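Novice: For the protein sequence lines, the chains are A and B, in the order given. Each residue of the first sequence is one higher than the one before, counting from 1 in my numbering. Each residue of the second sequence is one higher than the one before, counting from 221 in my numbering.
Hints are computed from structural coordinates only; laboratory data are not their basis. This one's a predicted model, so the numbers in the text were calculated from it and none came from an experiment. It is possible that part of the hints are untrue.
What the hints assert, rightly or not - Across the chosen pairs, the derived CB separations fall in these ranges:
id : chain 1 : residue 1 : chain 2 : residue 2 : range
1  : A       : 107       : B       : 472       : 38 to 44 Å
2  : B       : 491       : A       : 107       : 33 to 39 Å
3  : A       : 107       : B       : 277       : 51 to 57 Å
4  : B       : 427       : A       : 54        : 46 to 52 Å
As the list claims (entries may be wrong) - A short, non-exhaustive set of chain B residues, derived as facing chain A with CB atoms under 8 Å:
id : residue
5  : 285
6  : 364
7  : 524
8  : 526
For every residue, glycine included, the Cβ atom is placed at its ideal position computed from N, Cα and C.
Next come the chains, spelled out residue by residue.
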Amino acid sequence: MALSYPLQVVNLLAALLLLISFAMLSQRRIAGLVTLFAVQGAALSLSTAIVAWSTGQHHLYYSAALTLGLKVFAMPYYFFRLIRKLDVDRDVEPMITIPTTMLIGIVLVIFAFNLAMPISQMSGTVTRSTLGIAMASVLLAFLMMITRSKAIPQVIGFLAMENGLFFAATSATYGMPMVVEMGVALDVLVGVFVLGIFFFQIRETFDSLDLKHMEKLKER
Amino acid sequence: MSTGILLQIAQTLAAILLAPLLMGWVNQCRAWLQGRSAPPLTQPYRTLKKLFHKDVVIAHNASPLFRFAPYMVFACMALAAGLVPTIANDLPFSPAADAIALVGVFALARVFLALAAMDIGTSFGTLGARREMLVSFLAEPALLMVFFTASLISHSTELPTIVEALAHKQFVIYPSMAFAAVAFWMVSTAENARIPVDNPTTHLELTMIHEAMILEYSARHLALIEWAVALKLFTYSALGIALFVPWGIAPRGDLYALPLAVLALLLKMMAGGAALSLLEAISAKVRLFRAPEFLGTAFLLGVLGMLIHFLLEV
Numbered sequence: 001m002a003l004s005y006p007l008q009v010v011n012l013l014a015a016l017l018l019l020i021s022f023a024m025l026s027q028r029r030i031a032g033l034v035t036l037f038a039v040q041g042a043a044l045s046l047s048t049a050i051v052a053w054s055t056g057q058h059h060l061y062y063s064a065a066l067t068l069g070l071k072v073f074a075m076p077y078y079f080f081r082l083i084r085k086l087d088v089d090r091d092v093e094p095m096i097t098i099p100t101t102m103l104i105g106i107v108l109v110i111f112a113f114n115l116a117m118p119i120s121q122m123s124g125t126v127t128r129s130t131l132g133i134a135m136a137s138v139l140l141a142f143l144m145m146i147t148r149s150k151a152i153p154q155v156i157g158f159l160a161m162e163n164g165l166f167f168a169a170t171s172a173t174y175g176m177p178m179v180v181e182m183g184v185a186l187d188v189l190v191g192v193f194v195l196g197i198f199f200f201q202i203r204e205t206f207d208s209l210d211l212k213h214m215e216k217l218k219e220r
Numbered sequence: 221m222s223t224g225i226l227l228q229i230a231q232t233l234a235a236i237l238l239a240p241l242l243m244g245w246v247n248q249c250r251a252w253l254q255g256r257s258a259p260p261l262t263q264p265y266r267t268l269k270k271l272f273h274k275d276v277v278i279a280h281n282a283s284p285l286f287r288f289a290p291y292m293v294f295a296c297m298a299l300a301a302g303l304v305p306t307i308a309n310d311l312p313f314s315p316a317a318d319a320i321a322l323v324g325v326f327a328l329a330r331v332f333l334a335l336a337a338m339d340i341g342t343s344f345g346t347l348g349a350r351r352e353m354l355v356s357f358l359a360e361p362a363l364l365m366v367f368f369t370a371s372l373i374s375h376s377t378e379l380p381t382i383v384e385a386l387a388h389k390q391f392v393i394y395p396s397m398a399f400a401a402v403a404f405w406m407v408s409t410a411e412n413a414r415i416p417v418d419n420p421t422t423h424l425e426l427t428m429i430h431e432a433m434i435l436e437y438s439a440r441h442l443a444l445i446e447w448a449v450a451l452k453l454f455t456y457s458a459l460g461i462a463l464f465v466p467w468g469i470a471p472r473g474d475l476y477a478l479p480l481a482v483l484a485l486l487l488k489m490m491a492g493g494a495a496l497s498l499l500e501a502i503s504a505k506v507r508l509f510r511a512p513e514f515l516g517t518a519f520l521l522g523v524l525g526m527l528i529h530f531l532l533e534v
C-alpha cells in the first residue's frame, strides 16, 4: 500500500460513488434521487480535481468545473423545477422489488470488478484500480434504467451512467480530450432539456409519466 | 501480564458502571433534539436503583428459565463488554474470544431473552420474540461482514489486533471501512432496538419488538435487563470506536497513554451518543416488513466493503 494520500482520497471518493449508485437503486422518491445525483456529481468533480492536482493534468480542472456546474447545480435545479411543475414526487414502486434489485446489483459489481481487472493492469495511470468501480457504477445505472418505469428516474439513470463513464475515462486515461468532453457535456445538457419537454408531452398523452403506458402504441 | 489482567478487570468494570451513563446521555440528547426538557444524566441509575428495591412479581406458569434469563443476558453482555478494547489494547481475555465469538455471545443473550419471552405464553411475548428473531437473523450476517472487512485489513479476527493494525500502524484511508461503517450503523440500530428498526420508548403493540419481549419482567429482573441493554449499547459504541475511530486507544504495554485514552474514550462516547440521537431524530421508524430490506442493505454494504477491499487495497 504505497499510494499517496491524494490518491487514497480518490479511492475513497470512488467508493463513495459506488455507495451512491446503490443508494440510487434503493431510493423510492424522485426528489431523493435528484439529491443523490447531485451528491454523486459533487464526488465526481472533487475526485477529478484531486486527480488533476496530483498528476498535473491541467485540462482535468476544466472538466471538474464543468461537472460541478452542470451536474451539481444546473441539472438538479432543473429537475427539482420539473418535479414541482409535474407534481410527481411520490413513492414509486419499481418493477422488480428493491432487495432483488440490490442483489442483482451485487452480482453486477462482482462482474464489473472481474471485467476491469485485466483492463486496469494494461493501463498506466495511477488511478487505474478505480476502473472497476467506474464500470460497476455504469452497470448499476443501467440496471436502474431497466427497473424503473417512470420517466424521470430513467433519465437520472442515464445521467448517472454518464457519470460512471466520465469516471472511467478519468481513471483509465486521465480523461478524454477536451473537445470530446465539451461535446459530451453539451449533448447531455441538450438531451436533458429535450427529455424535459418530452415529459410534458408524455403526460399530456397518457395522463401519467409511467412509460408502461407507451406499450399501447404498439401495433397489434 | 499482571498489568494486563488489571486493565482487563478495570475495563470491564468501567463498562458495566458507565453504561447507564451513556444511556442517560443518549436520552438527554434525544430529549433536547425533540424540544423536551431533558431528564438528568443519572436518570438510568435512579431507575435501576428503584427497580432493585421493588418486589418481584412472576406469573404462576413461569418456568425456572424465566427467572434465569435476566442473569444470563446480563452475564453475556458483561462478557461482551470485556472483549472489546475501550481504553487499552492489552486484553488477556481476547485470545479466548475473537470478533466472531463476540457475535455468538450476543446471539446467546438473544436466544435466552426470546425463550424467556415465549415462556410465559402471553401473545405479546411470543410476538416480540418472533419479531426479534426476524430482525436478528438478518442483522447477524451483516455484522459478521463488517468484522470480516476489518479482518481482511488486519489479517486477524481478534479485536486488539484489528485495533493495532488500524490505529498504531501507518495511517491509511481504507475505503472499504467507509462501507463497513454505514453497515455497522444500520446493524447497531437493529441490534440495540433503536429507530429506525425499533423504538425503545414505545409500548404500542403494532411496533414494539424489544419492549414486547420484556413486558412480563419486573423489579430486579427488569433492572438487570435494562442494565444489559445499556451495556449492549455501550459495547456497540465501543466496537464502533474500535473499528472506525480507534486513534487514542493505548497500545500494548504503554501505560503512560492511559489517561489520554480515557479522555479520548469519553469524548468519542459523547460524540457517538450525540450522533446516534441525531440520526434517530432525523429518521422515521420503518414498517416491520421493511426491516428485512433495511438489514439486507446493511448486509449488502458489508459485502461491498469486502469487494472494495479486494479491488482497491490489495
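Novice: For each hint, tell me whether it holds in the structure or not.
Specialist: So, going through the hints one by one against the coordinates:
1. Hint check: residue 107/A to residue 472/B, Cβ distance near 42 Å, so the stated range 38 to 44 Å holds.
2. Range check, residue 491/B to residue 107/A: about 38 Å between beta-carbon atoms, so the 33 to 39 Å window is met.
3. Between residue 107/A and residue 277/B, the C-beta spacing of about 54 Å keeps the proposed range 51 to 57 Å intact.
4. The supplied range of 46 to 52 Å is met by residue 427/B and residue 54/A, whose beta-carbon atoms lie about 50 Å from each other.
5. For residue 285/B, the interface hint is violated, since its Cβ never comes within 8 Å of a Cβ in chain A; the closest pair sits about 35 Å apart.
6. For the restraint placing residue 364/B at the interface with chain A, the shortest Cβ-Cβ distance is roughly 16 Å, beyond the 8 Å limit, so the hint is violated.
7. The restraint placing residue 524/B at the interface with chain A holds, with a minimum CB-CB distance near 7 Å, inside the 8 Å limit.
8. Given the 8 Å rule on beta carbons, the hint for residue 526/B is violated: about 11 Å separates it from the nearest Cβ of chain A.
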